[in-house]
Amino acid sequence: MEKLEIFKETADFFQFILKYRNCFSKRKYFTVDKNFKIIRKEPSFILELANIYYNGAENNKNKDKEIEKILEKEFSETYKEKEKRIDRMSKIEFSKLKDSYRRALINASAEHSVKLGNELMYRDKKVFFEIMYNFSLVSCDSNKLIKTYFAEKMIDEIDKNEKGSFSVNRIFKDEIIKNTVNYFIKSDREFLDFESETDMKYFMENKTDLLYKKIYIEKYDEIIKKYDIKTVRKINFEVNEKKEYKYLSESKKKLYDFFTKNK
Numbered sequence: 195m196e197k198l199e200i201f202k203e204t205a206d207f208f209q210f211i212l213k214y215r216n217c218f219s220k221r222k223y224f225t226v227d228k229n230f231k232i233i234r235k236e237p238s239f240i241l242e243l244a245n246i247y248y249n250g251a252e253n254n255k256n257k258d259k260e261i262e263k264i265l266e267k268e269f270s271e272t273y274k275e276k277e278k279r280i281d282r283m284s285k286i287e288f289s290k291l292k293d294s295y296r297r298a299l300i301n302a303s304a305e306h307s308v309k310l311g312n313e314l315m316y317r318d319k320k321v322f323f324e325i326m327y328n329f330s331l332v333s334c335d336s337n338k339l340i341k342t343y344f345a346e347k348m349i350d351e352i353d354k355n356e357k358g359s360f361s362v363n364r365i366f367k368d369e370i371i372k373n374t375v376n377y378f379i380k381s382d383r384e385f386l387d388f389e390s391e392t393d394m395k396y397f398m399e400n401k402t403d404l405l406y407k408k409i410y411i412e413k414y415d416e417i418i419k420k421y422d423i424k425t426v427r428k429i430n431f432e433v434n435e436k437k438e439y440k441y442l443s444e445s446k447k448k449l450y451d452f453f454t455k456n457k
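Here the sequence shown stands for residues 195 to 457, numbered as in my numbering.
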């Protein structure tokens, strides 16, 4: 990919998705080094960053060149997935669809999770995100909440700015759903034990970052009001923004800056 040519010939977020579809995910989100230490990787934030880029590029002004540079690195870590049609599952009963999707996420069933999640989102977007938030809020992987929050915002934005036919709009939503669900099933599947003070302290001090904390603190009450969240014990985080901000990746710094200005 040519340097700083990422956004060439893409006038908006929708054209960006069409140009780079199937190229938004990493093959894996952890590796094991020679000393058998597990090294976890951040999810790909290509879609989220591209969405921010175009939101800040009204009338072709104020385009963020830093995002272009960050996306060069992001794309270097992703791969082109084989084109697979995500068929609708319209004959499956809704209650079974909902339960099957929940089970598929827990069992990390790659193909089934994407198909079931896709169908559920089109039948009932609220129920889809209700499951995603329930899963995110009990996960030890703080990136799941971050991915869910931004996925919901991107889907909502597409719904508000429908372009073209249902089949065309579906392409955009499919890529967002596929990217988010794939991260859920390929990443850390440890869950929080709210009854263990030791485990909760370790999670709060070692497995969260400033972006997660900010979304959690600012949006938790809104999320539990909107959705039926089963685990409603709110975590009280302490935040030192100045100190913690420098530890964020460049991708997350951009997401954090956007969130704080557009929450």
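Simulated from the structure, these hints should not be mistaken for laboratory data.
The reader is advised that the hints may include incorrect statements.
Unchecked claim - Distance condition first, Cα-Cα at most 20 Å in a straight line; then the derived SDA-like pairs of lysine to any residue:
#	residue 1	residue 2
1	319	274
2	401	213
3	290	303
4	259	269
5	213	235
6	347	416
7	290	276
8	401	455
9	395	425
10	367	215
11	407	456
12	436	402
13	395	414
14	347	199
15	276	365
16	319	258
17	292	324
18	407	367
19	457	425
20	274	226
21	319	416
22	235	455
23	455	258
24	220	272
25	401	419
26	235	258
27	259	220
28	235	302
29	213	292
30	367	414
Results of checking the hints against the structure:
Between residue 319 and residue 274 the CA atoms are separated by roughly 27 Å; this puts the pair beyond 20 Å, and the hint is violated. Note on residue 401 and residue 213: the hinted pairing is violated, with a Cα-Cα distance of about 35 Å set against a maximum of 20 Å. Pair hint residue 290 plus residue 303 holds up; C-alpha atoms about 16 Å apart against a cutoff of 20 Å. Pair hint residue 259 plus residue 269 holds up; C-alpha atoms about 15 Å apart against a cutoff of 20 Å.
Proposed proximity of residue 213 and residue 235 is contradicted: the alpha carbons are some 25 Å apart, above 20 Å. Between residue 347 and residue 416, the direct Cα distance comes to roughly 14 Å. Compliance with the 20 Å bound is thereby established for this hinted pair. Simply put, residue 290 and residue 276 have alpha-carbon atoms about 29 Å apart, too far for the 20 Å limit, and the pair is violated. With a C-alpha separation of about 25 Å, the suggested pair residue 401 and residue 455 falls outside the 20 Å cut-off, and the hint is violated.
Of the pairs offered as hints, the one joining residue 395 and residue 425 holds, with about 17 Å between alpha carbons and a cut-off of 20 Å not exceeded. Between the alpha carbons of residue 367 and residue 215 the distance comes to roughly 11 Å, so the proposed pair stays at or under 20 Å and holds. Distance hint between residue 407 and residue 456 is fulfilled; the C-alpha atoms sit about 16 Å from each other, no more than 20 Å. A C-alpha spacing of about 16 Å is found between residue 436 and residue 402, which places the hinted pair at or below 20 Å, so the restraint holds.
For the given pair, residue 395 sits about 19 Å from residue 414 by alpha-carbon distance, which is consistent with the 20 Å threshold. Restraint check for residue 347 and residue 199: the C-alpha separation of about 26 Å exceeds 20 Å, so the hint is violated. For the hint linking residue 276 to residue 365, the alpha-carbon distance of about 15 Å falls within 20 Å, and the restraint holds. Restraint check: the Cα-Cα separation between residue 319 and residue 258 comes to about 31 Å, which exceeds 20 Å; the hinted pair is violated.
Between residue 292 and residue 324 the alpha-carbon distance is near 10 Å, which keeps this suggested pair within the 20 Å criterion. Our distance criterion of 20 Å between C-alpha atoms is broken by residue 407 and residue 367, whose separation comes to about 27 Å. With a CA separation close to 24 Å, the supplied pair residue 457 and residue 425 exceeds the 20 Å bound. The straight-line distance between the Cα atoms of residue 274 and residue 226 is roughly 23 Å, outside the 20 Å bound, and the hint therefore fails.
Proposed proximity of residue 319 and residue 416 is supported: the alpha carbons are some 17 Å apart, at most 20 Å. Of the pairs offered as hints, the one joining residue 235 and residue 455 is violated, with about 27 Å between alpha carbons and a cut-off of 20 Å exceeded. Our distance criterion of 20 Å between C-alpha atoms is met by residue 455 and residue 258, whose separation comes to about 15 Å. Straight-line distance between C-alpha atoms of residue 220 and residue 272 comes to about 4 Å, which keeps the hinted pair within the 20 Å bound.
Our distance criterion of 20 Å between C-alpha atoms is broken by residue 401 and residue 419, whose separation comes to about 26 Å. For a cut-off of 20 Å, the pair hint linking residue 235 to residue 258 is broken: about 25 Å separates their Cα positions. The straight-line distance between the Cα atoms of residue 259 and residue 220 is roughly 23 Å, outside the 20 Å bound, and the hint therefore fails. Only pairs whose Cα atoms come within 20 Å are accepted, and residue 235 paired with residue 302 is accepted, the gap being roughly 18 Å.
This hinted pair does not check out: residue 213 and residue 292 have alpha carbons roughly 32 Å apart, beyond 20 Å. Taking the CA atoms of residue 367 and residue 414, the gap is near 24 Å; set against the 20 Å cutoff, the hint is violated.
Consistency with the previously given hints fails for numbers 1, 2, 5, 7, 8, 14, 16, 18, 19, 20, 22, 25, 26, 27, 29 and 30, ordered from lowest to highest.
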